[in-house]
Structures are given as structure tokens and as C-alpha cells.
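Sequence lines, in order, name chains A and B.
Position 280 of the first sequence, counted from 1, bears residue number 280 in my numbering, the numbering being contiguous throughout.
Position 156 of the second sequence, counted from 1, bears residue number 156 in my numbering, the numbering being contiguous throughout.
If you're looking for bench data, these hints aren't it; they were derived computationally from the structure.
In this text, a Cβ means the ideal position worked out from N, Cα and C, and glycines have one as well.
Any given hint could turn out to be false.
Said to hold, decoys possible - Rough simulated footprint, nothing fancy, chain A against chain B, three-plus residues with beta-carbon under 8 angstroms:
#, stretch
1, 45 to 54
2, 81 to 92
Said to hold, decoys possible - For each label pair, taking beta carbons as the anchor points, the in silico distance ranges come out as:
#, chain 1, residue 1, chain 2, residue 2, range
3, B, K161, A, G246, 30 to 40 angstroms
4, A, K343, B, K47, 49 to 59 angstroms
5, B, K147, A, T57, 26 to 36 angstroms
6, A, E426, B, E31, 51 to 61 angstroms
7, A, E100, B, K47, 46 to 56 angstroms
8, A, K168, B, E31, 51 to 61 angstroms
9, A, E26, B, G78, 32 to 42 angstroms
10, A, Q265, B, G11, 24 to 34 angstroms
11, A, Q265, B, D114, 32 to 42 angstroms
12, B, E50, A, S272, 51 to 61 angstroms
13, B, D114, A, F293, 25 to 35 angstroms
14, A, K48, B, P51, 37 to 47 angstroms
15, B, I130, A, Q265, 35 to 45 angstroms
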Amino acid sequence: MGMTMTQKILSKHAGKELCAPGDLIEADLDLLLGNDITTPPAIDIFEKNSFGKVFDTDKIVMVPDHFAPNKDIKSAEQCKRMRDFAKSQNIKYYYEQGEEGMGVEHVILPDNGLVLPGFAVIGADSHTCTYGALGAFSTGVGSTDLACAMAAGSTWFRVPEAIRVDLKGKLNPYVSGKDVILYLIGLIGVDGALYRSLEFTGEGVAELSMADRLTICNMAIECGAKNGIFPVDEKTIEYLDARVEGGYKEAPEWLFADPDAVYEQTITIDLSEVPPMVSFPHLPSNTHAVGTFDKTKIDQVVIGSCTNGRLEDMKKAAAVLKGRHVAEGIRAIILPGSQRVYKQCLTEGLLEIFVDAGCVVSAPTCGPCLGGHMGVLAKGEKCVSTTNRNFVGRMGHKESEVYLAGVEVAAASAVKGYIASPAELE
Amino acid sequence: MKFSGKVIKYGDNVDTDVIIPARYLNTSVKEELAAHCMEDLDPDFSKKVEPGDIIVAGSNFGCGSSREHAPVAIKASGISCVIAPSFARIFYRNSINTGLAILECPEASEGISDGDKIEVDTDSGEIKDITSGKVYKASAFPGFIEKIISSDGLVGYTKTKLQ
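The shape of chain A in the complex, shown without the other chains:
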């Protein structure tokens, strides 16, 4: 029986010839990730059980990005706990706030060239599935899993069944990877891919930028998937070659889905039919095409996050905001996803466009996405956000509302003061 990409990677890391869906395996890991929320409990477990030294100081990444720059004393204590542990364990990839290469975890790991095709990666953060865009198996776990994997260098997985998402056609203007993944989640629901791998295939893959693919895989978790994964093509190699230390020329020869790989289901998406999408409160699956609903007034716009905080996203936001101004009474908050993205925004003149348009520009942080800081909502307030979740209370008060959208819709909504398509500005 043939294997999917995910099954290939898992069997390779489990030292097995073959992996079938449902198999429970122990897999060696290439990279582990933790942040300031999830790592402190992992450290507690690690130390309480006298695990000693981590299995490999060069395979663990620690990023204080959620409630950092420290939003309060307790958050400062959590960041300090992780910082002290990283120092005492000599963790190579601990990123300090402000340092080059620092930023929101899922923006910086790919951009710093730390994830390679064929890798098996776990992160104590649900959006760790982002790295599937690079042809890696990558999935979110909890703090106990992280603690044990930091000691052992391996963890257990149930080999997932697969859903194939066959992409064809080309994206229309103002439509990006964010709209594609919202469209898919709207189609199959928030548990439509529960426990399964989402394997993207087809001629449409080549039409998607790496930023689009990273955004799509980032939100695989929002339909319950264990991971999302893209095949490796010229764009992937070019992306990695510019970022990986020593360059990157070729993916492992075994890293492709067999022609007779088994998929539980195939979903075909014609990219040319995907409109600009918005997910209404309070589920990512509650999707509507922009222009198909009544005028919805808003109070705030957030552009950034691990979903849409890359340079491409900042450029899209700037293209909409250039020469325009945020509507009266609207707070528009822009969070470049990393120090590098921030600097590129600076050197390319994007920061000036944002400030002239009346936007707040923040240091890189997860901040408002999970209601932490830098844009928490009051009772009854509505926000259009390029983040990934719109659950009850996600960005603040339990009676506030988050509308998920792509960057261009978010930027246009900031200008209009209601949920709008960029086409309305033409």
C-alpha cells in the first residue's frame, strides 16, 4: 500500500518501512518548539522529574512571543523562567525580544531556516502545523509532551488518515492563502479533518506563494487536522536556499506521496472560485464571502500574527492603506511578525504608510490574537482580524466579536469602518 507524505515522514522517523493509518509509533524528532505560555509548565515537569539535560541543545527553539514584551508581572515571571532554563541548558535557539531573528514563533522558524522538508517537528503551540508548508510533518502538542520530548528526543504519534485537498486554477486579485483556508474550513467545518492530515496537491500548488502556503498550513488545526502539508517544489527550494545556513538545493528523494497513497477523501478547490472570505463569530467555519452580508460596522482592525504577519502581508496591507486613512473611530493595529519583517517595513517605507494612515504599529507579538495585550476588546466591540481564531472571548470581553479575514479585507475594512472588500476602494 502506498503512503502519503505524512506517512512517509512518520515511518522514516520511526525507523519503519511502512506506516499505516491507526498505527501507534514512536518517532524521533528534528525540532521542538515552546513559547512563554507553554514552556514554563514543561520546565516544571522537566525539573520535577529530574530529566537532567535536554536531549540536544541545537534542536529546541524557545520563543517568548505570546505575552511579550512582558505585559504584566506574572508574564514577566513566565518569560524569565524560560529564559533562565534556556541559559542553564545552553539552548541554541532561544530568541530574546528585540534580537535579530526574533518575532512570532511561526513567522520566525521558517524565516530563520530552521525547518527543512522531511523534518518531524512538534511544538507546544497548536499552530505549529504551519511548517507543513515546507514539506515537514509538524504538529502541536501540550507542555507534558514538550517536557518529555525535550528529555527523550522522541514522542508518540498515531499515524493519521489523510484528506487530499486538490488545488487547481489561480487566485483572483485580493484573494490569498487566508481566503483559501477559510474557504476550506467553511466547507468541512471545525472538526472536518479531526485527527487527519490535510495533504495539499495539484497544479494549483505552484500558483501559491510560500506565504500563502504557510498561512494555509497555519490554520489546518482550525478544522481539527493533525497537520497540513504541501509537496516540495521550486518555490520551496528557492525559499529555503535563501534562508537555510549553507543553502538548500534538494529535498530528500523519498519525500513524496506514492501514486497509490490512500486518501480517505479528496476535496477539490478551484482557486479561481475562492472569494475574499470572512469568518463570523464565533467559529472559524462560520464563513461568508465578502459582499454577501449586511454592512457590519467595526471598532478595531488587527493585521499580523503567525497567520498573517509576514512581509508579503505587510506589503498587501500597505498597498491598500497607501494614501488612505483609517476611518474615524477605528483603531487599526499592525503587528509585523518579526524583527526582520519590522526592519523590512522600515527600509521599504511601509511603516511610514501605516503611520500616515493612522495605524498603531506594534512590536512583534501574539498580543491581541489571544486577548493578551496590544488591542484587547471591550464589551460589544467588533474587530476584523487577520488572526486565526474567533472563539467567544478570544480577543477580550466575552461579548466582543472577532471577524477573521485576509490582510486586504482587513485593511479595506479599516479604511471604510465596516467589513469591506478592497474592490470597494477602487
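Chain A is already provided as a structure; the job is to place chain B on it using the hints.
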């Protein structure tokens, strides 16, 4: 393990943001987390929950974040067991790892009402609704998961592995 208690019932897609809102994640002290468990979904939860009570919910329980604080908060609030037709996968892992009993049983989720008194035997998977008299059978854990549970969770299992 055997549990008995009254049922607190919720619907589908109970997410980790309502189980424990992120604004409280500046701590991992379980008592502090328990004090805010479910508050955005059910503000009375912490007042009405009694030790041993059982959450019966709809599908995809625990969807969203990887925060282990979610099963930790539920367990620390006094809940002995969660029954649902399905669990989000990270929540499923986290529950096993942190020792929160969970059972997958669509029929029980459908048939059991809020406030019912029920008994649960996690070894046999039997769920008995004392109020209605109905009995349900949950699917058993795969053997490998049983091994983790019987090693006193993933930490115990890992210790054995490292030896």
C-alpha cells in the same frame, strides 16, 4: 477508575478559549486556573461544580489551543471525567498526559441530560445514567494509550523509556 457525580452538559466545539481564557494564562497554578474554568461559556460553573462531577459535551471538545492549562483547569475544578463523541486531538493528548479521564461515546453525549446523576467505569467504558436508568458503552483506549495511562501518564512512560 470509577467515578460518580452529577452531569454538567455543554454543546459542540467547546473550545480551549472558553475552558480557560488566555487572559489567565499568565499563570500555570492549577487552583488559579480552576477559578476561571468555563467562565466565558458558563459563568456559574465554578459555583455549581462539585468534586466528582462529570462534563458531558458535544463533538470536538477542547478544540483550539494546545494549552495544557485546559485539562488541568477542568481537573482542578473537581471534574472527574469528560464524556463527548469526539475530542480535539491536542486536548485528547493533553488529557491523557495530565490524567484527566476522557471517554468517547456519541450515544451517552446524546442521551444524558444536564443534572443527571451518572456512574462511569473508565476500565470497562461503562457509563450508567442513574437518573434515567440507561447504560452506555464508550470505546476503549487503544492498547498503547492504556500503557501510557498505566505508567502513570507520559512522564512515567518517558522515565521508563529513558532508563
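Structure-based check of all given hints:
no.: 1; hint: 45 to 54; verdict: violated (count 0)
no.: 2; hint: 81 to 92; verdict: holds (count 4)
no.: 3; hint: B:K161 - A:G246: 30 to 40 angstroms; verdict: holds, 33 angstroms
no.: 4; hint: A:K343 - B:K47: 49 to 59 angstroms; verdict: holds, 51 angstroms
no.: 5; hint: B:K147 - A:T57: 26 to 36 angstroms; verdict: holds, 30 angstroms
no.: 6; hint: A:E426 - B:E31: 51 to 61 angstroms; verdict: holds, 56 angstroms
no.: 7; hint: A:E100 - B:K47: 46 to 56 angstroms; verdict: holds, 50 angstroms
no.: 8; hint: A:K168 - B:E31: 51 to 61 angstroms; verdict: holds, 53 angstroms
no.: 9; hint: A:E26 - B:G78: 32 to 42 angstroms; verdict: holds, 34 angstroms
no.: 10; hint: A:Q265 - B:G11: 24 to 34 angstroms; verdict: holds, 26 angstroms
no.: 11; hint: A:Q265 - B:D114: 32 to 42 angstroms; verdict: holds, 35 angstroms
no.: 12; hint: B:E50 - A:S272: 51 to 61 angstroms; verdict: holds, 56 angstroms
no.: 13; hint: B:D114 - A:F293: 25 to 35 angstroms; verdict: holds, 34 angstroms
no.: 14; hint: A:K48 - B:P51: 37 to 47 angstroms; verdict: violated, 25 angstroms
no.: 15; hint: B:I130 - A:Q265: 35 to 45 angstroms; verdict: holds, 40 angstroms
Against the hints set out earlier in the document, violations occur for numbers 1 and 14.
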